[in-house]
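Asks: Listed below are the residues making up each chain.
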Amino acid sequence: MKNIFIAFIVLTLGLLAYSTYQGLFVAPTEQTMGEVQRIFYYHVPSAWTAGVCFFVNFLASVVYLWKRNAAGDALAAASAEVGVTFCTIVLITGPIWARPVWGIWWTWDARLTTTLVLWLIYVSYLVLRRFSAGGQAQVLAAALAIFGFVDVPIVYMSIRWFRTQHPSPVMGGGENSGLDPAMLHAFFWNLVAFTCVGIVLMVLRYRLQILEEKVEATHAAAALQGDAR
Amino acid sequence: MTRATLLKDLRMEWRSKDAINSMLFFALLVVVIFSFAFNPTAEESRRIAGGLIWVAFLFAAVVALNQTWARELRNQVLDAYRVSPAPPNALFLAKALGNFLFVVVLEALMAPLFVVFYELRSVGPVWQLIVVALLGTWALVVNGTFFAALSIRTRSREIMLPLILFPVSIPALLAMVDATTSILTGEASPDFWLKMLAVYDVVFTAVCLLLFESVLNAE
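Read top to bottom, the protein sequences are chains Z and V.
Heads up: the first sequence begins at 1 in our numbering, then just goes up one per residue.
Heads up: the second sequence begins at 1001 in our numbering, then just goes up one per residue.
Quick caveat, the hints were computed from the structure, so don't treat them as lab data.
Misleading hints may appear alongside valid ones.
[Unchecked claim] Pairwise CB distance ranges (calculated):
hint: 1; chain 1: V; residue 1: L1028; chain 2: Z; residue 2: E35; range: 52 to 60 Å
hint: 2; chain 1: V; residue 1: L1210; chain 2: Z; residue 2: V10; range: 42 to 50 Å
hint: 3; chain 1: V; residue 1: S1016; chain 2: Z; residue 2: P95; range: 45 to 53 Å
hint: 4; chain 1: Z; residue 1: V215; chain 2: V; residue 2: S1016; range: 43 to 51 Å
hint: 5; chain 1: V; residue 1: N1075; chain 2: Z; residue 2: N69; range: 29 to 37 Å
hint: 6; chain 1: V; residue 1: R1047; chain 2: Z; residue 2: E35; range: 39 to 47 Å
hint: 7; chain 1: V; residue 1: R1047; chain 2: Z; residue 2: G14; range: 25 to 33 Å
hint: 8; chain 1: Z; residue 1: F55; chain 2: V; residue 2: E1158; range: 29 to 37 Å
hint: 9; chain 1: Z; residue 1: L204; chain 2: V; residue 2: F1059; range: 34 to 42 Å
[To be verified] Stretches of chain V that chain Z covers, calculated by requiring three or more beta carbons in the stretch to come under 8 Å of a beta carbon on chain Z:
hint: 10; region: 1157 to 1164
hint: 11; region: 1168 to 1174
hint: 12; region: 1199 to 1209
Just so it is clear, the structure is predicted and the values come from calculations on it, not from any experiment.
Every residue, glycine too, gets a C-beta built ideally from N, C-alpha and C.
Extracted from the complex, chain Z is given alone in its bound form (with noise of 0.2 Å):
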């Protein structure tokens, strides 16, 4: 088991060397916005894999309240952390693009706001996470989850018609309607590559919150015995 992870290691990262590769040298210079559409090949498998990411937390949290098993809370605890981790990639890369292209950080946009609103909320669901301690932390987390991930659909409708409403200045811009083959094809190794990272960042810290479980009940044990070392 442990060999075929490290062999999962070295593939993602050929994958994602590869994927690199291809994303900055490779795919041709887009026509009107320049080198800076590159980052497109950064941004949006960063959110895709962070969608992947708290998909699995909402997946995670759901068989922990069934089951009851530390895995499902382990797993739940380590999705929330990567997909954290890359929304924020997402929300750090977007302004970079947005600015050269549409001349503004950031608009209230229904895709901006909702990805800012999923980020807050799993936020929370860390911070919720740090502040309760000993076995109902789990199950308030996993309650947590599930409104979160509830929440995020009733949050995309809601923006969506906010916005439209009120027909903003910089629609325009927008990525893909039709991709350069060339492009596409760095484009969905970049995805791959992502999505392995995203995997392999999950299993460690999965790994990491077992262990760590595992050391609090060591702990907890050597106390109740008096072992006081």
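Take the given structure of chain Z and dock chain V to it, following the hints.
Replies: Below, chain V alone, put in the same frame as chain Z:
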């Protein structure tokens, strides 16, 4: 069970008036501070009042929500609920209804003040505002009661509630503010937002009822 708990909470509140007094005073302070901060004319205030009103009520509601479960912690009342055969959702509904009544009373008392301080005059029909208030208050209170039950189990519980409640409440708040603004200015139809609030209420009431038992029994 729901009725017994609800009546008990209402009676306690009637005698002490803790929650309603602190909420009222808090909301009053917010109103005064906002009017200093913005100093609006009648036309402007019609545009921004939706936001002001709901932000004030949201903050004030948090004050009451934080006290929801606090009094049940004393003398291990919550543990007694847990071992009693009464259905947990009955307890939850009683708490949510109690909070709903407190916040609605607060809104009824505060609404005239907003009219006086901000020279509000609604262009759209006033009865729609009442519908928005009822749907919106339930949206805040049902999640707030649930999240108060979460935050009571954490360290620094008073600060925890807004941290976890506000992100999830963003769509409800947006719907309330926009519905109120479109009624006050009479420029747009609030129908979409009313439907949206109704959907939000139904969805999250269901989620709360589904999950409350696990949260109450969380060890």
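Asks: If a hint holds in the structure, say so; if it doesn't, say that too.
Replies: Each hint, compared with the structure:
For the pair V:L1028 and Z:E35, the supplied restraint of 52 to 60 Å holds, since their beta-carbon distance comes to about 56 Å. In this structure the supplied range 42 to 50 Å holds for V:L1210 paired with Z:V10, their Cβ-Cβ distance being about 43 Å. Remark: the range hint 45 to 53 Å for V:S1016 to Z:P95 is upheld by a beta-carbon distance near 50 Å. As the Cβ distance of Z:V215 to V:S1016 is approximately 46 Å, the hint placing it in 43 to 51 Å holds.
Taking the beta carbon of each, V:N1075 and Z:N69 are about 34 Å apart, inside 29 to 37 Å as hinted. Evaluation of the 39 to 47 Å hint for V:R1047 and Z:E35 yields a pass: the beta carbon distance comes to about 42 Å. At about 57 Å, the CB distance of V:R1047 to Z:G14 disagrees with the hint of 25 to 33 Å. Judged by the Cβ atoms, the range 29 to 37 Å given for Z:F55 and V:E1158 holds: they are separated by roughly 33 Å.
At roughly 41 Å, the beta-carbon separation of Z:L204 and V:F1059 lies within the given 34 to 42 Å, and the hint holds. Under a criterion of three residues with beta carbons nearer than 8 Å to beta carbons of chain Z, the stated coverage of the region 1157 to 1164 of chain V is upheld, 3 such residues being counted. For the region 1168 to 1174 of chain V, the assignment as covered by chain Z holds, since 4 residues bring a beta-carbon within under 8 Å of that chain's beta-carbons and 3 suffice. Note: the region 1199 to 1209 of chain V has 5 residues with beta-carbon separation from chain Z under 8 Å; the three-residue rule is met and the coverage holds.
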